[in-house]
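Please model the complete structure; the sequences and the hints are all you need to start from.
Number of protein chains: 2
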Amino acid sequence: MKKYNIAILGATGAVGQEMLKVLQERNFPVNNLKLLASKRSAGTVIEFNGKEYTIEETKEDSFENIDIVLCAAENDVSEKFTPIAVKAGAIVVDNSSAFRMREDVPLVIPEVNAEDVKNHNGIIANPNCSTTIALTAVNELNKYGKIKRMIVSTFQAVSGAGINGIKELEQQVKDISSGKEAKINTFQHQIAYNVIPQIGSFDEEGYSQEEMKLQIEGRKILHNPDLKVNCTCVRVPVYRSHSESITLETEKEITVEKAKELLSKAPGVKLIDDLDNSMYPMPLYASDQDLIYVGRVRKDISSENSLVLWCCGDQVRKGAATNAVQIAEVLVKENLV
Amino acid sequence: MKKYNIAILGATGAVGQEMLKVLQERNFPVNNLKLLASKRSAGTVIEFNGKEYTIEETKEDSFENIDIVLCAAENDVSEKFTPIAVKAGAIVVDNSSAFRMREDVPLVIPEVNAEDVKNHNGIIANPNCSTTIALTAVNELNKYGKIKRMIVSTFQAVSGAGINGIKELEQQVKDISSGKEAKINTFQHQIAYNVIPQIGSFDEEGYSQEEMKLQIEGRKILHNPDLKVNCTCVRVPVYRSHSESITLETEKEITVEKAKELLSKAPGVKLIDDLDNSMYPMPLYASDQDLIYVGRVRKDISSENSLVLWCCGDQVRKGAATNAVQIAEVLVKENLV
Chain Z
14 MKKYNIAILG
24 ATGAVGQEML
34 KVLQERNFPV
44 NNLKLLASKR
54 SAGTVIEFNG
64 KEYTIEETKE
74 DSFENIDIVL
84 CAAENDVSEK
94 FTPIAVKAGA
104 IVVDNSSAFR
114 MREDVPLVIP
124 EVNAEDVKNH
134 NGIIANPNCS
144 TTIALTAVNE
154 LNKYGKIKRM
164 IVSTFQAVSG
174 AGINGIKELE
184 QQVKDISSGK
194 EAKINTFQHQ
204 IAYNVIPQIG
214 SFDEEGYSQE
224 EMKLQIEGRK
234 ILHNPDLKVN
244 CTCVRVPVYR
254 SHSESITLET
264 EKEITVEKAK
274 ELLSKAPGVK
284 LIDDLDNSMY
294 PMPLYASDQD
304 LIYVGRVRKD
314 ISSENSLVLW
324 CCGDQVRKGA
334 ATNAVQIAEV
344 LVKENLV
Chain D
14 MKKYNIAILG
24 ATGAVGQEML
34 KVLQERNFPV
44 NNLKLLASKR
54 SAGTVIEFNG
64 KEYTIEETKE
74 DSFENIDIVL
84 CAAENDVSEK
94 FTPIAVKAGA
104 IVVDNSSAFR
114 MREDVPLVIP
124 EVNAEDVKNH
134 NGIIANPNCS
144 TTIALTAVNE
154 LNKYGKIKRM
164 IVSTFQAVSG
174 AGINGIKELE
184 QQVKDISSGK
194 EAKINTFQHQ
204 IAYNVIPQIG
214 SFDEEGYSQE
224 EMKLQIEGRK
234 ILHNPDLKVN
244 CTCVRVPVYR
254 SHSESITLET
264 EKEITVEKAK
274 ELLSKAPGVK
284 LIDDLDNSMY
294 PMPLYASDQD
304 LIYVGRVRKD
314 ISSENSLVLW
324 CCGDQVRKGA
334 ATNAVQIAEV
344 LVKENLV
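The listed protein sequences derive, respectively, from chains Z and D. All letters in the first sequence, in the order written, are residues 14 to 350 by my numbering. All letters in the second sequence, in the order written, are residues 14 to 350 by my numbering.
The hints are simulated quantities; they were obtained by calculation from the structure and are not laboratory data. Treat the hints with caution; some may be incorrect.
As the list makes no split between identical chains, a pair holds if one copy fits it or if it spans any two.
[As the list claims (entries may be wrong)] Straight line, CA to CA, 20 Å or less: simulated EDC-like cross-link-like pairs of lysine to aspartate or glutamate:
#1 Lys312 / Glu262
#2 Lys193 / Glu183
#3 Lys312 / Glu217
#4 Lys100 / Asp117
#5 Lys312 / Asp216
#6 Lys241 / Asp313
#7 Lys312 / Glu218
#8 Lys271 / Glu218
#9 Lys161 / Glu262
#10 Lys346 / Asp89
#11 Lys273 / Glu262
#12 Lys161 / Asp313
#13 Lys241 / Glu262
#14 Lys241 / Glu317
#15 Lys52 / Glu73
#16 Lys273 / Glu217
#17 Lys241 / Glu266
#18 Lys273 / Asp301
Structure representation (structure tokens):
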């Protein structure tokens, strides 16, 4: 079996670390592995498949002989190095939002639009985490009934803001427990025992960046330029996994029975919907795995051709690292690399 | 000024205790005060306006010479004693859900439908806390544009489940901090660092009791039998104050400017909507006061004649105790007692 030279750009961050775990778990055919990060992290030793690797500083010549770059870096780093990597002959699967909306860059959730990978010109973008979770959840419903409109409220974990988000919640809980004042650094306000209806900055219409992604990226991923989404993104004091409350209006009616049947067979989805036993998706139990949990499926009693559901998914895994590795798997399977 | 004999039924609970605070704060004209609770709590001494009162066990003869009963008891206790109190000549303002939907019982949020108090037959019901918070928030918008449909996701505090809810979150955080397993008693699942999409039991359509109240009670309070509401109620690890993400479709268009103008003057409402400075309602800062904080007001980009907003309110105060005392104030003001 052919093996590939892989570079992880941003290998020391939460998503980069998870990419390493996912590559191992899924037995991705790795030949050489290059772990790239900032100068500050260079020299750190990381184990992968029983072998030790040393983090290298990302430089312009870091991408020679690399087949696939999994980029888990921030936008500015990706903007700088992705074109360099492509020029060196690598294909970049980029988790930043830098290239997502570029016309020549496919934006891909493999369960939803794997075929778009074929049209890549060196870069394939990984969608926003809340977008990936929501669209993986509703994909089979969309295929059956075509979604016209979604109304979404999210309950997003602190790890969406990286390791600093986790540390901030931990420290605030600790400080409050010992009667101290909670210090605020990463989030706009105290997150412990609070919820914050802001993720990213706001546009002129009053929507946050995060709130607009579901519509903008959703239209591209679903090839539906008429898709309409109204989203409210809220940070909650949960460590990991995002939850989303979704109302979806479809062109064709989908009965609850049909929806549950479709969801029970949907790739990447686990239907958890046993209300008599209080079984439904929750972030605490959706973490550290790759499926999007979907439940509370019911008819929208306020409208025709409309369903309500609730979903949870690990935004570091399926929302980022796993989705990127799955895209790399499509590249391998389709002989595109 | 005329003063009234007041009894608080369920005086030792979270809402009963808050009723005492609110009566004092608002200088309600109290003549005699009778504090009623279960046999277990009888004998406890409580201070009110600098005087000590002893909790008495609620009995059939507890309501002689009482003008107004503020009932903060559970449904079964209210069902037993409310008719007895009414027979003894008292007017009962009942916070339980026992009588809310009875045709001869007004269901009242004073800012919204104070005039309904006049039609009482001895009982006036206090609405569900999430209903009171949402309808106080949108009342002026409804008066202007008539709400047809609401799509709501709630973020509800643990104190909605009373003192046991608060204790459970405290204990779970403590146990998890010291490496112990979180014990689950009050909620269906661990609430610390989790969110639970269940409040109350589920009906055959898959909606929880709490989720249906906003439509059922909302229709009665707004005198709009055609109001349609699709609600998802979620418990979050917040100690106090509920938050709600609301999309509302109206018959007549309401521009964002008009909505903000209406909200800035709405009784019982405080508009907090300064996105440049990350100012919007949050539960941590909406607690221990009586206003419903409203913000994130914006056009619904997914539909015509539709707005999106976010609100927070203290469900023990305006969601329960304060609203009950306000109803008593209407009784006094309108010479109905």
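Hint check:
1. For a Cα distance limit of 20 Å, the shortest separation of Lys312 from Glu262 qualifies both inside one copy, at 10 Å, and across copies, at 18 Å.
2. In this assembly of identical chains, Lys193 and Glu183 lie within 20 Å of each other by CA distance both inside one copy and across copies; the values are 13 Å within and 16 Å between.
3. When the C-alpha separation of Lys312 and Glu217 is checked against a cutoff of 20 Å, the pair qualifies only between copies, where the shortest distance is 11 Å, while the shortest distance within a copy is 34 Å.
4. Taking the shortest Cα distances, Lys100 and Asp117 sit within 20 Å of each other inside one copy (15 Å), while across copies they are farther apart (77 Å).
5. In this assembly of identical chains, the alpha carbons of Lys312 and Asp216 lie at most 20 Å apart only when taken from different copies (12 Å versus 33 Å within one copy).
6. Taking the closest pair of Cα atoms, Lys241 and Asp313 come within 20 Å of each other both inside a single copy (17 Å) and across two copies (10 Å).
7. Taking the shortest alpha-carbon separations for Lys312 and Glu218, only the inter-copy value of 7 Å comes in at or below 20 Å, while the best intra-copy value is 30 Å.
8. Taking the closest pair of Cα atoms, Lys271 and Glu218 come within 20 Å of each other only across two copies (15 Å); inside a single copy the shortest separation is 37 Å, beyond that limit.
9. In this assembly of identical chains, Lys161 and Glu262 lie within 20 Å of each other by CA distance both inside one copy and across copies; the values are 6 Å within and 17 Å between.
10. In this assembly of identical chains, Lys346 and Asp89 lie within 20 Å of each other by CA distance neither inside one copy nor across copies; the values are 31 Å within and 64 Å between.
11. When the C-alpha separation of Lys273 and Glu262 is checked against a cutoff of 20 Å, the pair qualifies only within one copy, where the shortest distance is 16 Å, while the shortest distance between copies is 28 Å.
12. Proximity of Lys161 to Asp313 under the C-alpha cut-off of 20 Å is found in both arrangements, the shortest distances being 14 Å within a copy and 14 Å between copies.
13. For the identical chains of this complex, Lys241 and Glu262 are neighbours both inside a copy (10 Å) and across copies (15 Å), given an alpha-carbon limit of 20 Å.
14. When the C-alpha separation of Lys241 and Glu317 is checked against a cutoff of 20 Å, the pair qualifies both within a copy, at 17 Å, and between copies, at 11 Å.
15. With identical chains, the CA atoms of Lys52 and Glu73 are at most 20 Å apart within one copy only, with a shortest distance of 13 Å there and 78 Å across copies.
16. Proximity of Lys273 to Glu217 under the C-alpha cut-off of 20 Å is restricted to the inter-copy arrangement: shortest distance 15 Å between copies versus 39 Å within a copy.
17. For the homomeric pair Lys241 and Glu266, the shortest alpha-carbon distances inside one copy (17 Å) and between copies (19 Å) are both at most 20 Å.
18. For a Cα distance limit of 20 Å, the shortest separation of Lys273 from Asp301 qualifies neither inside one copy, at 24 Å, nor across copies, at 43 Å.
Consistency with the previously given hints fails for numbers 10, 18, ordered from lowest to highest.
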